[in-house]
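Quick note: the sequence shown, position 75, residue 1466 per our numbering, numbers continuous.
The calculated lysine-lysine pairs, modelled on DSS-like cross-linking and capped at a C-alpha distance of 30 Å, are:
# : residue 1 : residue 2
1 : K1508     : K1616
2 : K1439     : K1526
3 : K1497     : K1625
Keep in mind the hints are simulated off the structure, nothing from the lab.
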Amino acid sequence: MSLDFMVNTLSNYEREIQDNGCLEVRDVPTPSLTNKIHPIFALDRWMKGYEQHTRDFYHRMKPALQLASLMITEDCTLPWFHHLTFGHRTSDQDRPDRIYIAATKKEHTTKGRRETKGRLKELAHMISWEFTPRKYKNSVDDSWGATTNGDWPWSRHYRFSDYPPLPAKYYDSYYDHRVPRVTFMTAFQDFFYDGYRICTPSQRYRTWLMFASTVVHELAHAYFKYLGRSQNRKFKGEPRWHKHERQDELGFSWENITFGRIFNPLDIGPPTIRTHCLCSMSTKTWKGGHLEYRENVLKALVGGVAEQQFHQIPLPSGNQWVPNKSWRGNQFVSFDDAPADASFLSVILVIPMSWVMAWFSEEEWEKRRQVWKDDGKYVPPSLGPTFMVVYERDTRGNVALYIATRQDFDPHLDEVKTQTTNMGLYNDDFQFQYDQ
1392 MSLDFMVNTL SNYEREIQDN GCLEVRDVPT PSLTNKIHPI FALDRWMKGY
1442 EQHTRDFYHR MKPALQLASL MITEDCTLPW FHHLTFGHRT SDQDRPDRIY
1492 IAATKKEHTT KGRRETKGRL KELAHMISWE FTPRKYKNSV DDSWGATTNG
1542 DWPWSRHYRF SDYPPLPAKY YDSYYDHRVP RVTFMTAFQD FFYDGYRICT
1592 PSQRYRTWLM FASTVVHELA HAYFKYLGRS QNRKFKGEPR WHKHERQDEL
1642 GFSWENITFG RIFNPLDIGP PTIRTHCLCS MSTKTWKGGH LEYRENVLKA
1692 LVGGVAEQQF HQIPLPSGNQ WVPNKSWRGN QFVSFDDAPA DASFLSVILV
1742 IPMSWVMAWF SEEEWEKRRQ VWKDDGKYVP PSLGPTFMVV YERDTRGNVA
1792 LYIATRQDFD PHLDEVKTQT TNMGLYNDDF QFQYDQ
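Go ahead and model the full structure; you've got the sequences and the hints to work with.
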């Protein structure tokens, strides 16, 4: 069953979702971020020419680009990039075909951290950004963004003067395949060009967050290309950012570690008046119908919610939804290689507007800076009390749907915290063990 199943389910609870502050809220504040936009996102790094209208609405993207800039300049959020810069690729001893990045001491040094910032500044002289033209909107699959070190199908429409400036030294063969180009889906340009003026303040915030997330998601891919890691029979493509990630996708890795989740926009409400909310999901699978495994999964995913808070909704057995086939970022919230006879349990959390708006609050960033100064830690913020859906399907096709209208248990965030702690991401005294 497609994503529509979950859309229809949530549409039945639009009032409850609204009551949880996840759709439209009153008295929406103006973003209060005070930082400058990083040179990597400066206007002159955006393509001109064929269906590129960035210069008409660049000012409307400012809050999103300010947030993206904080993600690559603040000490508390840079460790993800430090690890990508200085970690070394190695094989998982249990799964030799899986390559991941092992930690090194340099990523925890002042010199190393300074070098990462310097490399990002150098990339600002090389990278280019653009939007996929409408005619080609189906040529880059259905992703929010894409990165290449070559040309796009529509590149033939550009003139030389449409490209951002590229210093002469980067034409050297040393930089072959290290000059990235990033494109964003057509819908983003449509929003900033036209939709921005007619949307609600809440919709504007959600789109800013989605765009900022997509910008740094693609920057993660672009930065890896810029680093120029050698490709050979053993090391092909991107590695897993750490050993326990479910797939080798650096963009979703960055989202997962930084936000503590990967969010999806869902359109809910009557067909003629639809608004989108943001959701995140966690899924676990277990083989067969073993009750002991089910109990462990329940404890991991919903163990913090009292049983009486759930309301079960009867569903016919035909309503089978396989979340790993329909959600953006399923690589990090589900198992694509789950066997056919696996049972599923998924938790879907609707994201409150308070959580969304906090990313654009200078006061909230000051708190993060203080925590980093005092403890050297960064913890993605919890959603707080919100609306939860629990979907379960067993191997016989029996399905169950539960609703918890207000809870503050955040299972995926706890998993992310555990993973980053175990790899010593924020611990300069971590005892590193290297796989050979």
